[in-house]
Each structure stands twice: as C-alpha cells, then as structure tokens.
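There are 2 protein chains.
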Amino acid sequence: MKWFVGVDIGGTTIKLAFVTLEGDIVTKWEIPTNKVDGGKHITSDIAKAIESKRVELGATNDALVAMGLGAPGFINMATGFIYHAVNIGWKNFALKDELEKETGLSVTVDNDANIAALGEMWRGAGDEAKNLLCVTLGTGVGGGIIVNGQILHGVNGMAGEIGHLTSITDESGASCNCGKTGCLETVASATGIARLAIEGLKKQPNSNLQTVFEREGTLTAKDVFDAAKEEDELAKSIIEDVCFHLGLALANLANALNPEIIVLGGGVSKAGDLLLNPLKEQFKRFALPRVEEGCKFKVATLGNDAGVIGGAWLAKQG
Amino acid sequence: MKWFVGVDIGGTTIKLAFVTLEGDIVTKWEIPTNKVDGGKHITSDIAKAIESKRVELGATNDALVAMGLGAPGFINMATGFIYHAVNIGWKNFALKDELEKETGLSVTVDNDANIAALGEMWRGAGDEAKNLLCVTLGTGVGGGIIVNGQILHGVNGMAGEIGHLTSITDESGASCNCGKTGCLETVASATGIARLAIEGLKKQPNSNLQTVFEREGTLTAKDVFDAAKEEDELAKSIIEDVCFHLGLALANLANALNPEIIVLGGGVSKAGDLLLNPLKEQFKRFALPRVEEGCKFKVATLGNDAGVIGGAWLAKQG
Chain A
1 MKWFVGVDIG GTTIKLAFVT LEGDIVTKWE IPTNKVDGGK HITSDIAKAI
51 ESKRVELGAT NDALVAMGLG APGFINMATG FIYHAVNIGW KNFALKDELE
101 KETGLSVTVD NDANIAALGE MWRGAGDEAK NLLCVTLGTG VGGGIIVNGQ
151 ILHGVNGMAG EIGHLTSITD ESGASCNCGK TGCLETVASA TGIARLAIEG
201 LKKQPNSNLQ TVFEREGTLT AKDVFDAAKE EDELAKSIIE DVCFHLGLAL
251 ANLANALNPE IIVLGGGVSK AGDLLLNPLK EQFKRFALPR VEEGCKFKVA
301 TLGNDAGVIG GAWLAKQG
Chain B
1 MKWFVGVDIG GTTIKLAFVT LEGDIVTKWE IPTNKVDGGK HITSDIAKAI
51 ESKRVELGAT NDALVAMGLG APGFINMATG FIYHAVNIGW KNFALKDELE
101 KETGLSVTVD NDANIAALGE MWRGAGDEAK NLLCVTLGTG VGGGIIVNGQ
151 ILHGVNGMAG EIGHLTSITD ESGASCNCGK TGCLETVASA TGIARLAIEG
201 LKKQPNSNLQ TVFEREGTLT AKDVFDAAKE EDELAKSIIE DVCFHLGLAL
251 ANLANALNPE IIVLGGGVSK AGDLLLNPLK EQFKRFALPR VEEGCKFKVA
301 TLGNDAGVIG GAWLAKQG
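Residue numbers (the UniProt record's numbering), protein chains in the order written: chain A, 1 to 318; chain B, 1 to 318.
None of these hints come from the bench; they were simulated from the model. All values derive from a computational prediction rather than experimental measurement.
Calculated pairs, DSSO-like style, for lysine-lysine (alpha carbon to alpha carbon, straight line, at most 27 Å):
#1 A:298 / A:270
#2 B:203 / B:229
#3 A:316 / B:130
#4 A:270 / A:222
#5 B:298 / A:180
#6 B:180 / A:284
#7 B:2 / B:101
#8 A:296 / A:236
#9 B:280 / B:222
#10 B:48 / B:2
#11 B:180 / B:91
#12 B:203 / B:222
#13 B:130 / B:270
#14 B:130 / B:316
#15 B:316 / B:101
#16 A:15 / A:91
#17 B:298 / B:229
#18 A:130 / B:130
#19 A:280 / A:222
#20 B:298 / B:270
#21 A:229 / A:284
#22 B:180 / A:280
#23 B:35 / B:53
#24 A:101 / A:53
#25 B:180 / A:296
#26 A:28 / A:15
#27 A:28 / A:2
#28 B:296 / A:180
#29 A:298 / B:180
#30 B:316 / A:130
#31 B:280 / A:180
#32 A:229 / A:202
#33 B:284 / A:180
Take these sequences, add in the hints, and give me the full structure.
Below is the structure:
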C-alpha cells in the first residue's frame with residue numbers, strides 16, 4: 001500500500017483523497033474549511049483528517065508517500081508560501097512548511113486551477129497529452145496551461161489567467177472583478193452568459209427567456225442553453241457571440257502554444273455540443289490550419305475529483 | 001579551445017560562427033545558400049566551410065564540441081528532419097542526419113525564429129530570464145516563446161506563431177500569407193505598417209507622407225516613424241493603431257504566459273521609444289496588473305548574430 005495524498009482547498013470545503021501511484025482514487029472525502037483565526041487551524045484539520053482516515057483504512061504509517069495540494073490565491077509555488085488567499089483568510093501563510101510539520105509528509109503546493117488541469121492531464125480528458133490548455137467555464141473563467149507535461153507558472157505565478165484575456169476593447173466591455181473591462185470572463189463564464197441574456201431581453205423581449213426571467217427573477221447560463229435547444233433566437237445569438245469570443249481567444253492562444261488538447265471544464269461545458277460545435281467553428285476560423293489540425297477539444301471528465309488527482313500528480317513529481 | 005558551432009540557414013546566406021562555451025563569438029562568417037538540386041549540397045557546403053575555418057584558425061580536430069542549427073520551414077525538432085522548406089528547396093530532407101555524417105559533430109536542429117529567441121535569452125536582451133516572449137517585427141512578424149529556459153514547440157512544432165494571432169476579425173482585415181485575414185502580421189510588420197500608411201493617404205492626402213510617396217513611389221515603415229517624429233498626424237495615428245493591436249496581442253499572451261521579458265527585434269524595433277512608449281501604454285491597459293508589473297520590454301541587442309549564438313545554446317543543451 002503506497003498512496004499519495006491529494007488535497008484541494010476551497011472556500012467552503014477541503015477535498016481530500018488517497019490516490020494510488022497510478023492515479024486511482026482509493027478513498028475521497030471532504031472536511032469543512034475552517035476560516036476562523038485567519039485560517040490558521042486549516043493545516044492541523046488536514047493533518048488530523050488524514051491521520052484518522054489512514055487509521056480507519058488500516059494502513060501503516062509509511063503508506064502515505066507524499067502530499068500535493070491546491071489552494072486559491074497568490075502563491076509562491078517554489079516555497080508553498082501563500083501571500084494572500086482572500087476567501088480563506090490567509091495572509092503571508094507558510095502553508096507548505098506548516099503542513100510538512102503537521103503531517104511529516106513532503107508537500108508540494110500549486111494553485112487550484114493548476115492542479116485541476118494536472119488531474120485532467122493525468123487521468124481525465126487530457127489523456128496524458130503533454131501540451132494542454134485547460135479552461136474552466138464556471139462562475140469565472142479559469143485556466144491552466146501545461147507545456148511539456150509541466151504546468152506553466154510564469155515569472156510570478158500568474159500564468160494561465162485565460163479568463164482575463166481581453167475580448168472586448170471598446171466601451172461596451174463589462175467590468176471585470178480584476179479591475180479591467182471586457183475580459184473573456186465577462187462573456188464566457190456562466191455569470192457572463194446570464195448577464196448577456198438579461199441585457200439581450202431589453203432588445204428582444206419576445207424571447208422565451210423573458211418568461212423564465214419573469215418566473216425566476218433571474219436567468220442562468222443553463223436557461224440560455226435550454227432555450228437555444230428550442231431554437232430561441234436570442235439564446236442562439238448569445239451562444240454565437242460567446243463562441244466567437246471564446247473561439248478567438250483560444251485560437252490566438254493555440255497559435256502561440258500549439259496544444260494537443262483543449263479541455264473545457266466547469267458548469268458551462270456541460271452544454272456539450274451546443275457549445276462545442278459553434279466553438280470549434282470559430283476556432284477553425286482563427287487558428288492556423290496546422291494548429292487546428294493538431295488540436296482536439298474535449299470536455300473535462302473528472303469533475304470535482306480533478307483537483308485531488310492533480311494534487312497526487314504533483315506529489316508524484318515531488 | 002572548446003567551441004560550439006552555431007549555424008543559421010537563410011534563403012540567401014548561411015551564417016556560421018564558432019562560439020565559446022560561454023556564448024562569445026570567436027569568429028563568424030557567411031556562405032551563400034546553394035539552392036541547386038533541391039538544396040542537397042548545403043550540408044556538404046556547411047561541413048567544408050567549418051573544416052576550412054577550423055584549419056585556418058589552427059584549432060585541433062576536437063576543438064569543435066557540437067553544432068546547433070536553425071533553419072526555416074516545417075521541422076521535426078526531435079529528429080532534425082525537414083518536411084518542407086519552401087525558400088531553400090528542401091522536401092523530406094534528413095538535415096540532422098546528413099550534417100552529422102558530413103561533420104562528425106552531434107547536431108541539434110530548430111527553426112530560425114526559435115534559435116534567434118534562444119540567442120537573445122542567453123546573451124542578448126533576454127538577460128538569462130527563463131520566461132521570455134521574443135517577437136520579430138520584420139517583413140513578417142515572427143515569434144519564439146521560452147518557458148522555463150526551454151523553447152516552446154507545441155504538439156507539431158507550430159508554437160510561437162505570434163504573427164498569426166488574429167487582430168482584426170471583421171471584413172476590414174487584410175489578407176495574410178497564411179491564408180487567413182487580419183493577422184497581427186498584416187498590421188505590425190514593416191510591410192503592414194507601410195500598407196496602412198499607403199491606405200491612409202487616401203483619406204489624409206495632406207500628410208507629409210504623401211510627398212515621400214510621390215517621390216519614392218512607395219512607403220516604408222521607417223518613413224512612417226520618421227514622419228511621426230515630425231508630428232505628422234497620419235503617421236502618429238498609424239503608430240497608435242499598430243501599438244493598439246500589438247499591445248493587445250502581447251498583453252493577452254502575457255496574461256496566459258506571465259513572461260519576465262518581452263524582446264522586440266526586427267527592423268521595426270529600431271524605432272525605439274517611438275514604438276515602445278505607446279506600446280507599453282496599450283500593454284498596461286490590457287494586461288493584469290501583476291502580469292504588467294512582472295514584465296519588462298526590451299529591444300533585441302544581438303541583431304544578425306542572434307541565430308548563431310542561439311544555435312550555440314542549442315548545441316550546449318545537446
């Protein structure tokens with residue numbers, strides 16, 4: 001019995017798993033994220049959770065080989081030091097050192113979007129391809145870029161911020177949480193798609209989405225895809241628009257990075273072909289022919305397990 | 001005496017150099033590119049040129065350690081096999097194997113834009129930074145992306161095609177040699193800038209560029225920068241436009257790659273601050289604050305030597 005420990009720290013829960021050397025989950029579970037006292041109890045919570053799970057499974061002390069962990073916020077990946085993680089409460093927190101002290105395991109830290117990308121590369125849609133673009137279309141738009149099998153960090157850990165490529169440069173671009181306007185995230189996230197729909201109703205109040213909006217008081221990205229399935233014109237034009245911006249951004253990145261696979265994850269990716277077909281069309285329009293030929297689109301397959309499996313991959317690399 | 005051999009094959013001349021283990025050029029020279037018989041004499045030309053130079057310098061047989069070489073066209077970097085190099089004449093040519101046979105040296109092959117980027121990283125403007133974006137603004141727009149000290153190839157050798165990011169998506173985009181329209185290259189290359197100026201004269205015939213155009217029968221990018229220096233409105237608006245598109249493309253790439261340095265080379269980069277100042281302004285507008293803070297712009301310093309020095313770097317890596 002030799003297992004890696006994969007950990008994925010979120011603002012509400014911490015996901016944990018014991019993972020075999022080949023990347024199969026032995027067991028997975030969650031604990032709440034304890035944010036009191038600036039998050040300083042989190043490391044001992046994780047250590048206790050791991051220890052009691054190990055005992056529960058009857059595994060020996062040396063069954064656990066190493067730990068890989070993803071966390072949100074600004075992280076120094078080399079030292080595992082967290083400068084700031086707003087939705088946890090950490091500020092200047094030596095996460096790696098603390099965890100190593102508490103668990104006795106060697107710990108590798110990266111950000112949450114990156115370990116999800118590594119998980120998909122290793123055991124998900126990435127299919128062990130070594131040049132991979134992972135894009136999460138959720139509340140925001142997150143990204144992880146894998147080059148030669150390694151996650152890209154860049155000079156100060158900011159690499160992979162695909163959601164903040166600028167899609168709309170004129171004054172019509174919506175404000176983004178990052179402080180800029182017109183970011184891809186303002187258009188291609190679930191939030192962005194819902195916003196476009198609500199704005200679109202002003203001009204096309206005869207859309208079926210109007211009924212949903214009046215009933216629910218709001219709209220979701222899923223409402224838009226559902227309406228598009230029924231040939232609603234407004235919904236179809238919004239998806240067209242989203243795929244134009246997303247396809248252009250991904251083609252531009254692909255012309256630079258020449259990835260083998262683009263993995264789409266997050267809630268919006270569940271729309272499947274309703275998203276993928278128009279997206280591939282726009283991608284083909286803007287990518288160089290050889291780049292387009294070399295690149296497949298896939299929907300993420302690991303769901304919420306991507307992070308803990310990617311954490312195990314990190315642990316494997318040491 | 002231990003030297004690397006750096007070779008940079010172009011459509012007209014082949015540049016060669018003996019380079020110390022530290023990257024200093026011992027001697028450099030050129031030979032013509034012999035394109036007869038589909039370029040099949042080039043490898044023996046290179047071998048003879050190296051051998052006679054070695055003898056001329058009185059160096060022993062084992063002074064030459066290894067060779068690194070850049071060539072244009074579609075290359076399999078792992079095997080040094082050239083699928084097709086239009087302006088040389090090679091088709092399915094085993095460049096690395098042939099050269100190793102002819103010279104007895106171990107040979108590493110990459111494309112010409114990439115070895116120039118490696119040269120700038122090692123001994124030029126890149127200053128040994130390990131995360132680097134190199135952009136050559138010449139007749140076309142070329143690129144080389146260096147990540148963790150390694151040149152990015154992507155899944156089929158197409159990585160770094162920065163000139164083919166799409167800048168103009170509507171029907172106003174000019175045709176590009178790649179078959180697409182509106183590529184960055186159609187705007188930010190020397191050719192693109194000249195085209196914008198000639199088109200601009202139709203609407204602003206009172207520009208000083210009109211006089212130059214009538215005298216010379218054409219315009220160059222240098223004419224545009226010269227006129228901008230004298231506050232010509234058309235010239236200034238073209239540079240504004242070029243910097244908007246180039247700044248947006250580079251900021252989008254930087255949000256994904258988080259480079260430490262962006263090196264600008266090629267004829268257009270000689271405009272210096274006239275280009276750099278408006279470019280940095282647009283870059284700042286579209287890059288995430290931490291990405292912009294982490295990134296410096298520099299003008300390439302090695303000129304035509306970048307390729308042979310980058311070749312030597314390749315040889316050093318083996």
